[in-house]
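Generate coordinates for the entire structure from the input sequences, incorporating the hints supplied.
Those protein sequence lines, which keep their order, are chains A and B. Just so you know, our numbering puts 310 at position 310 of the first sequence, and the rest follows in order with no gaps. Just so you know, our numbering puts 184 at position 184 of the second sequence, and the rest follows in order with no gaps.
In case anyone wonders, no lab produced these hints; they're calculated from the structure. If you're wondering where the values come from, they're calculated on a predicted model, not measured in any experiment. Check the hints yourself; a few may be wrong.
Here are the simulated SDA-like pairs of lysine to any residue, each with C-alpha atoms no more than 20 Å apart in a straight line [unchecked claim]:
hint	chain 1	residue 1	chain 2	residue 2
1	B	342	B	77
2	A	254	A	202
3	B	297	B	220
4	B	2	A	32
5	B	205	A	54
6	B	205	A	200
7	B	205	A	48
8	B	205	A	58
9	B	205	A	227
10	B	2	A	58
11	A	47	B	173
12	A	227	A	200
13	B	205	A	276
14	B	205	A	57
15	B	2	A	34
16	B	205	A	33
17	B	205	A	254
18	B	375	B	364
19	B	205	B	4
20	A	254	A	276
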Amino acid sequence: MSRMNLLQAVNNALDTAMASDDRVLCFGEDVGVFGGVFRATSHLQEKYGRERCFNTPLVEQGIVGFANGLAAQGSVPVAEIQFADYIFPAFDQLVNETAKFRYRSGSLFDVGGLTVRAPYGGGIAGGHYHSQSPEAYFAHTPGLTVVVPRNPHQAKGLLLASIRSPDPVLFFEPKRLYRASVGEVPDDDYELPLRQAEVVQEGSDITLLAWGAQMEVIEQAADMAGKEGVSCELIDLRTIVPWDVETVVESVLKTGRLIVSHEAPLTGGFAAEVAATIQNRCFLYLESPIERVTGLDTPFPLTLEKEYMPGPLKVLDAIHRTMDF
Amino acid sequence: MKTTRSTAKPVHKPVFANGDDIQIPVFTLLKPDGTAYAGAGKPTLDEATARRVYRAMLYTRVLDERMMAAQRQGRLSFYMQCTGEEAAVVGSTAALDDADMIMAQYREQGALAYRGFTTDEFMNQLFGNERDTAHGRQMPIHYGSRDLHYLTISSPLATQIPQATGYAYGQKLAGQGHCTLAIFGEGAASEGDFHAALNMASVHKVPVIFLCRNNGYAISTPVTEQFAGDGVAARAFGYRMQSIRVDGNDILAVFEATREARRLAVEHNEPVLIEAMTYRLAAHSSSDDPSGYRSKKEEEAWHKKDPLRRMQRWLIDRGWWTEDEERELTESLRREVLDGMKQAEKRRPPALATLISDVYAETPPLLREQLETLKAHIVRHPEAYPRSAPWLDDSTEKEGQA
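Right under this line is the structure:
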């Protein structure tokens with residue numbers, strides 16, 4: 001075990017992956033000698049050489065197109081998009097190519113080896129273009145797997161599982177937690193399961209569901225609610241798609257109440273998908289309407305970021321509304 | 001830290017450049033009448049390869065004529081012809097090793113024909129039946145073959161070009177001496193993916209060949225409305241890439257240019273751009289009518305430069321081919337295509353379970369539930385689903401396929 005922050009855990013996972021499989025390559029803008037603008041790829045070029053860890057020209061559609069080709073060839077590319085906000089030039093490659101490679105060829109070809117990493121989310125005074133949470137765009141594309149870790153231990157295990165998954169994975173890293181989240185991380189090679197949500201705290205009155213950096217927020221809200229005598233069950237969805245319906249259903253059948261929270265805007269956010277499915281599966285067990293606590297339907301703001309963000313007090317208010325319904 | 005590759009000399013007046021001082025010639029060896037230009041030298045295309053090339057070109061012509069007719073008869077939903085561009089496609093393929101990767105656009109069935117894709121394989125894809133390896137998921141002409149190193153076609157234009165750069169980077173690391181050929185039209189070369197791919201290939205020194213079929217039109221848009229520069233070949237200079245323009249209807253020139261490009265790619269990790277000057281003799285697709293945007297006169301002028309006729313004359317002159325052989329082969333290919341079509345159109349549609357397989361390596365439970373819901377619905381309304389309802393209880397409709 002070592003104490004690491006989330007960034008070090010990502011770096012450690014990449015190091016582990018590259019050491020255990022020569023086919024693993026890491027590349028992206030400033031990823032080489034500099035080790036990435038956040039330092040997620042520090043020292044990888046030094047250790048594994050310029051052929052396996054390198055800078056690319058500044059062209060996201062090229063990075064992902066290149067990565068798709070490499071994966072089809074049998075390499076295991078881990079491409080970095082510097083900020084999730086800049087992934088959109090690669091949207092066509094991801095949505096029309098990555099996601100459909102296996103299906104359209106009847107498994108003659110696939111890009112299962114591909115992982116695309118990108119820092120996402122707010123809380124760093126990043127304004128419109130260094131703050132967004134684009135998971136819902138990709139969740140609407142069959143063939144993609146979208147994974148978001150909540151802490152260093154999860155980041156290493158989920159990233160290793162993503163790199164080795166037979167399906168292409170979009171791995172969104174909560175950049176607010178890169179240095180803020182610190183914890184014990186096993187030094188060994190280990191994987192955590194994809195497509196499985198995790199109940200991180202059991203409770204009986206209400207289920208709070210989130211992922212990534214938002215887990216910390218619902219934990220704070222649960223602590224406050226706990227002091228008022230409300231017992232919260234906390235679930236980290238971890239894999240956004242394909243998502244673990246059963247774990248959420250089981251929890252809501254027990255608690256009868258659900259709040260889903262994410263930083264992305266309300267309309268068309270992934271909370272809507274969860275709410276629709278859960279009301280269908282748990283209709284007669286629900287004690288109150290399913291609540292969503294999310295960002296506003298605006299571009300991500302700057303000065304009034306705190307007002308925009310679905311912070312712990314907003315979640316606590318939603319807990320009150322739900323409990324008092 | 002230098003910010004340019006060359007040593008930029010200081011000047012004391014504003015000097016602009018637009019590249020007009022660079023003239024890119026057209027490499028050509030065969031005249032339109034099939035005789036060699038003086039100074040063309042001894043061709044490197046040997047008899048066995050030449051016959052294999054010509055057979056593939058003829059096959060492609062026969063296949064295209066027959067399938068276009070089938071589309072017009074309502075037997076096929078859609079079709080795209082390679083007609084007029086067979087030399088550019090087959091000639092470049094023949095200059096590769098058969099294990100080199102090809103990432104084509106959609107009009108390059110000649111490459112597959114050269115590598116031995118069977119009539120049955122063509123037909124099963126075209127008709128999207130139960131033997132189509134992609135289970136009828138894509139429109140006709142979206143072929144693919146892992147055995148023949150031909151990436152499954154994807155409709156979005158130019159997406160395969162940066163993929164070719166990445167694939168070739170992997171080939172370079174693998175060190176087995178293979179390269180990738182990306183084929184695309186001059187319209188696709190306007191896409192951002194084209195520029196991304198060329199830049200990355202040059203920066204990372206990747207064994208990839210970019211073959212642009214400059215056939216004059218992107219559907220109805222002529223090249224004069226596609227770009228202002230000197231064709232596509234000149235763009236390579238911006239990336240310091242080797243570039244050549246070739247007569248795309250001249251089989252010998254295409255073969256020779258690609259052979260040399262492959263040598264540069266594989267032996268020196270130098271990517272190459274080839275611009276093959278050709279003409280789309282047929283419509284863009286079965287849904288297009290070129291009479292709205294180009295003249296008969298223009299088409300006729302290009303018919304005179306037909307790459308098949310040009311190669312045929314060259315072959316006959318060398319004693320490598322006869323008109324009798326041509327007649328017999330054409331006849332037998334027509335029969336083969338017709339028979340293949342009749343069999344393929346009678347085959348069953350793909351099993352319903354293939355609707356949800358291959359989305360992921362392992363189908364998620366939510367998707368399996370969706371299939372079960374769909375099956376129950378079809379059972380209630382079999383008359384509305386004639387393609388799948390008759391086979392629902394059949395033993396070939398295996399759960400395992402999901």
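Verification of the supplied hints:
1. 342/B <-> 77/B: holds, 15 Å
2. 254/A <-> 202/A: Roughly 11 Å separates the two Cα atoms, so the pair holds.
3. 297/B <-> 220/B: holds, 16 Å
4. 2/B <-> 32/A: The hint holds at about 19 Å.
5. 205/B <-> 54/A: holds, 13 Å
6. 205/B <-> 200/A: Given that 20 Å is the threshold and the Cα spacing comes to 48 Å, the pair is violated.
7. 205/B <-> 48/A: Holds, because 19 Å separates the two Cα atoms, which is no more than 20 Å.
8. 205/B <-> 58/A: With a Cα-Cα distance of about 17 Å, the restraint between residue 205/B and residue 58/A holds, given a limit of 20 Å.
9. 205/B <-> 227/A: violated, 62 Å
10. 2/B <-> 58/A: holds, 18 Å
11. 47/A <-> 173/B: Given pair residue 47/A, residue 173/B holds - Cα atoms ~17 Å apart, limit 20 Å.
12. 227/A <-> 200/A: holds, 18 Å
13. 205/B <-> 276/A: Violated - the C-alpha atoms of residue 276/A and residue 205/B are around 50 Å apart, more than 20 Å.
14. 205/B <-> 57/A: Given that 20 Å is the threshold and the Cα spacing comes to 13 Å, the pair holds.
15. 2/B <-> 34/A: holds, 18 Å
16. 205/B <-> 33/A: Judged against 20 Å, a Cα distance of about 19 Å means the pair holds.
17. 205/B <-> 254/A: Given pair residue 205/B, residue 254/A is violated - Cα atoms ~59 Å apart, limit 20 Å.
18. 375/B <-> 364/B: Distance ~17 Å between residue 375/B and residue 364/B Cα, so the pair holds.
19. 205/B <-> 4/B: holds, 18 Å
20. 254/A <-> 276/A: holds, 18 Å
In summary, the structure is inconsistent with hints 6, 9, 13, 17 from the numbered list given earlier, while agreeing with the others.
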